Structure formats: C-alpha cells, structure tokens
Amino acid sequence: MSDGDQQRMFLEEPGEVSPPKPGLYLGTSGWSYADWEGTVYTPKLPAGARLSEYVGRGGFAAVEIDSTFYGTPRPRTVSKWREVAPGGFRFAAKFPQEITHEKQLVGCRAAADYFVATMSELGDKLGPLLIQLPPYFDAANRENLEAFLDELPEGPRYAVEVRHKSWTEPDALGSLTDLLTERNVALTLVDYPSMPRLEVATADFLYIRWLGDRREFPDNHTAPKRDRSDDLRWWSNLTRNFLEERNGRGEVFAFANNHYQNHSPSTVQQFLELYRGVEG
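Residue numbers (numbering that gives the first Met the number 0): 0 to 279.
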C-alpha cells in the first residue's frame, strides 16, 4: 500500500482527540523517526503514514513540528497535516532558522509573515509558534527581539526560547518578562543542560520543552536510557499548579525531545503517569 493510500484511509475518519487533562497538550518534538518502529509505529510503516499513527496514540494531543526549523513547508504539506489530524489536535512549530539564527530577527519581516501565514493554514489545529533563539543571541539584543515581536501578525500565539545565560541575570530576566507579558508571549521553559530552570509564566499558556543533551543520546532512540523521574515530577507539579491557578482558563504545551531520555514518547508517557499520580 502506498503512502498516499495509507493517508487516504485515515482521512476518511480523522475523528476527535482530547488532551488527557483539560488544557494539557503533550507531545514530542517531531514524529518521523524510524527508531520508533516497534514502540510507536508498526514495523516497516511508510514514513508518510507515521503522522496518522502518531495522532492516534493516547495522551498525544499535540506535536511540535521540528522540520519547520529548516524551512517553511509548502502550503499543501500544511493542508495535509491539517486533514490527517483529528479535531482537537494541536500543531506547534518552530520558526525557520533563516529568521532566528541566520538573520537573528533583523530584516526578515517578509519571511516571518510568510511562515505565519503558511502555518495558519492549520486553522483551529494551530498551536503556538516557537521562536527558538540561538545560543549567541544574548540579552544585548533585546531591542531586536522587541521589534520582531511587534511586527508579528496578530492571531497566532507565540513563545520565545532563550539559550544565552545573560537572559537569566535578574535585570535582564525582569526586562524580558515584562516584554513578553505585555504581548502575551510565553517564555519557553526548558530542561536543558546549559540553562537554569525557570518558572516564569508570561502568557495565558505555558510552553515547556524537555531537551536534554544530544551528545548523550545521539542516535538509536528505541527506549529510555536515563531515569528522569525526579525532574518530570518537578515539571508535573509546575504544570498542575499553573492550570489550577488559572481555573480552566490556561493551557500547557509540553514537548519531549529524544535527547532527554533517548525515547521521547516514553518521556511523555512517564510525565503523564506522574502528573496523574500527583493529582491522586
């Protein structure tokens, strides 16, 4: 059976999906990993059919599109994603590296507008759009970030991830928090070796990324190889507190990378089990 045939079979009944807890959108960073065959995907499943199986997994109500970092996808590709995903599903996506890393947010309004317009083809299945800043983009570039945010199209939700420690100095962090809060842009909360853990909420939603170190788990992402129970329990408490404080009016988007424990689907499942345990 061809990839197209597999997709069409799924498109007949995309169905509906709900987050495991109201407002809690969990998923992985990317979905097209051959290493997941046998754990997430049927062995020898065509690459084009992986999204169809991904969106059918319990607990996965979202995914972070990693491929958009390498370039804005074709509109027809985005339309296919929308058709494959069930109602209630959410796609988050990274801004292209041309905007964030190469041009460092300067002189790229047309490219940013095109990216946002293309991803908006997802309609009500569009989650936050992530502005992942490079590790050399320090707090001295605050004005560039402010100008970029002020020119972004209205409508989508945005999240900003910083990777230079200068942003975590008290004055810089306070300034960044004010900047993002005024625009309802989320400061991305990361579990990443070179950055401290932050607990700052700057929007009516949280955007969390469990990243890890790619040097620790460079390949063979077939099963978890590191116990992160304590870390995930900390994140489950943070998440629960945020949602409870907002009394049903907030949302959390949390995505696991393979480099966090070597198998991001297992990270998501473990987090959900811990979250439910905390509630109980």
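None of these hints come from the bench; they were simulated from the model. All values reported here derive from a predicted model rather than from experimental measurement. Check before you lean on any hint, since a few could be wrong.
Stated by the list, open to error - Computed list of lysine-lysine pairs in DSBU-like fashion (alpha-carbon distance at most 35 Å, straight line):
| hint | residue 1 | residue 2 |
| --- | --- | --- |
| 1 | Lys79 | Lys164 |
| 2 | Lys164 | Lys124 |
| 3 | Lys43 | Lys102 |
| 4 | Lys124 | Lys102 |
| 5 | Lys20 | Lys102 |
| 6 | Lys43 | Lys79 |
| 7 | Lys20 | Lys164 |
| 8 | Lys43 | Lys124 |
| 9 | Lys79 | Lys102 |
| 10 | Lys43 | Lys20 |
| 11 | Lys224 | Lys20 |
| 12 | Lys43 | Lys164 |
| 13 | Lys164 | Lys224 |
| 14 | Lys102 | Lys164 |
| 15 | Lys79 | Lys20 |
Claimed, not checked - Simulated restraints, written as ranges between beta carbons of each label pair:
| hint | residue 1 | residue 2 | range |
| --- | --- | --- | --- |
| 16 | Glu97 | Pro192 | 37 to 45 Å |
| 17 | Gly55 | Tyr113 | 27 to 35 Å |
| 18 | Glu168 | Pro192 | 37 to 45 Å |
| 19 | Thr167 | Pro45 | 23 to 31 Å |
| 20 | Glu142 | Glu52 | 20 to 28 Å |
| 21 | Asn143 | Arg232 | 22 to 30 Å |
| 22 | Lys43 | Asp149 | 21 to 29 Å |
Just so you know, even glycine gets a beta-carbon here, dropped at the ideal spot from N, CA and C.
Structure-based check of each hint:
Distance check on the hinted pair: Lys79 and Lys164 sit about 39 Å apart at the alpha-carbon level, beyond 35 Å; violated. Proximity of Lys164 to Lys124 is assessed by CA-CA distance (about 33 Å); at most 35 Å being required, the pair is judged to hold. Proximity of Lys43 to Lys102 is assessed by CA-CA distance (about 40 Å); at most 35 Å being required, the pair is judged violated. A threshold of 35 Å between alpha carbons decides the hint, and for Lys124 with Lys102 the separation of about 29 Å falls inside it, so the pair holds.
A distance of roughly 39 Å separates the Cα atoms of Lys20 and Lys102; the hinted pair therefore is violated under the 35 Å criterion. Restraint check for Lys43 and Lys79: satisfied, since their Cα atoms lie roughly 22 Å apart, inside the 35 Å limit. With a C-alpha separation of about 33 Å, the suggested pair Lys20 and Lys164 falls inside the 35 Å cut-off, and the hint holds. This hinted pair checks out: Lys43 and Lys124 have alpha carbons roughly 28 Å apart, not beyond 35 Å.
Taken as a hint, the Lys79 and Lys102 pair is honoured in the structure, with Cα atoms around 29 Å apart against an allowance of 35 Å. About 32 Å separates the Cα atoms of Lys43 and Lys20, which keeps this hinted pair within 35 Å; it holds. Between Lys224 and Lys20 the CA atoms are separated by roughly 27 Å; this keeps the pair inside 35 Å, and the hint holds. For the suggested pair Lys43 and Lys164, the alpha carbons sit about 43 Å apart, so the restraint of at most 35 Å is broken.
Distance check on the hinted pair: Lys164 and Lys224 sit about 28 Å apart at the alpha-carbon level, within 35 Å; holds. Of the pairs offered as hints, the one joining Lys102 and Lys164 holds, with about 20 Å between alpha carbons and a cut-off of 35 Å not exceeded. Of the pairs offered as hints, the one joining Lys79 and Lys20 holds, with about 27 Å between alpha carbons and a cut-off of 35 Å not exceeded. Separated by about 26 Å at the C-beta atoms, Glu97 and Pro192 break the suggested range of 37 to 45 Å.
At roughly 31 Å, the beta-carbon separation of Gly55 and Tyr113 lies within the given 27 to 35 Å, and the hint holds. A hinted range of 37 to 45 Å for the beta carbons of Glu168 and Pro192 is inconsistent with their spacing of about 19 Å. Here the CB-CB span from Thr167 to Pro45 is close to 44 Å, at odds with the stated 23 to 31 Å. Distance hint for Glu142 and Glu52: a CB-CB separation of about 45 Å, inconsistent with the stated range 20 to 28 Å.
Our hint of 22 to 30 Å for Asn143 and Arg232 is violated, since their Cβ atoms are close to 37 Å apart. With their beta carbons about 49 Å apart, Lys43 and Asp149 fall outside the hinted range of 21 to 29 Å.
Comparing the model with each earlier hint shows violations of hints 1, 3, 5, 12, 16, 18, 19, 20, 21, 22; every other hint is respected.
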